[in-house]
Amino acid sequence: MRFPIPNDQIPTWVLLIIHTFFFSTSKSDPRISEAGQFCGNTAHPSGSNFVPNFIDTMESISNHVNDKQWGNYTITSPAPKLYALAQCHADLSPKDCSTCFAISRTKLPTCLPSTSARIYLDGCFLSYDDHDFSSQALDDERKVVKCGRPIDVSKDKYMQQGFCLKVRNVIGNVTEKAVSHQGFAVTGVEGVYALAQCWRTISKKGCKECLEEAGKNLRGCLPGKQSRAMLAGCYFRYSTERFYDIEQEEEENHFGEAHINIHLELKLFLVRSLIEF
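Note that UniProt numbering has the sequence shown beginning at 1, numbered continuously upward.
Mixed in with the good hints there might be a few duds.
Said to hold, decoys possible - Straight-line Cα separation of at most 25 Å, DSS-like style, residue types lysine-lysine; simulated pairs:
1. K68 to K205
2. K107 to K166
3. K68 to K204
4. K204 to K143
5. K95 to K107
6. K107 to K143
7. K95 to K143
8. K177 to K157
9. K146 to K68
These are computed hints drawn from the structure, not numbers from a lab. Everything numeric in this text was worked out from a predicted model, so none of it was measured.
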């Protein structure tokens, strides 16, 4: 007959192992760094109802984002018309999404009273305009591309060529995955990581067009260590450092299922050990 062991009789090392395996120590990251911002060139007159409409729109968008991690909203009366869209990247937790949106909401008013504005943080997107832009995939006038510094091996011709080839392959792979998986995908291969996110309001065709154009721009950044392309309908980023919140992806770990099974068996072993202690 076995009896339960009081907590004060369980060795400290056992408790530490249990904590390591049963409780996640990963830190959340809402990715609130500003990646790009655009303010329109025209402005609403000071006597218009624009600011009250803007405030109402942001409140409504906030409710949508907190509820489902994205949202769009339109005010047509009283004038002026105002259209807005916000969306978090699909790998963010609801809490991190709300944090990212809250930061973007505090930054976007720096564009007021412009008739249009958009801001890209590394985890979310927020935009407003005086016309419906929700289905727009491309807009050359509002495209933001940020190329990173060259990798350390830029002086080595063969290593540079190998790095560029890996990045091109990752860009192509994550584009294909995102288009076929509701507009979002991450990929990590041999030290190169990428994330592609289309807005929910654009079509599958529009998503493909946007990511292909963004990928073209990113390839133009090579041999940059990391780069971002932010277009009307999508956000695309690659880096030599993992920056997204997905625990595991097939390309990065070909032993994913085995890793999970081993992890579970270790948990069961610990439980059995405590029972039989």
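Evaluation of the provided hints:
The hinted pair formed by K68 and K205 meets the criterion: a straight-line CA distance of about 24 Å does not exceed 25 Å. Straight-line distance between C-alpha atoms of K107 and K166 comes to about 35 Å, which puts the hinted pair past the 25 Å bound. For the hint linking K68 to K204, the alpha-carbon distance of about 20 Å falls within 25 Å, and the restraint holds. Note on K204 and K143: the hinted pairing holds, with a Cα-Cα distance of about 20 Å set against a maximum of 25 Å.
Between K95 and K107, the direct Cα distance comes to roughly 19 Å. Compliance with the 25 Å bound is thereby established for this hinted pair. Note on K107 and K143: the hinted pairing holds, with a Cα-Cα distance of about 19 Å set against a maximum of 25 Å. Proposed proximity of K95 and K143 is contradicted: the alpha carbons are some 29 Å apart, above 25 Å. Taken as a hint, the K177 and K157 pair is broken in the structure, with Cα atoms around 30 Å apart against an allowance of 25 Å.
This hinted pair does not check out: K146 and K68 have alpha carbons roughly 29 Å apart, beyond 25 Å.
Hint check: violations occur at hints 2, 7, 8, 9; the rest are consistent with the structure.
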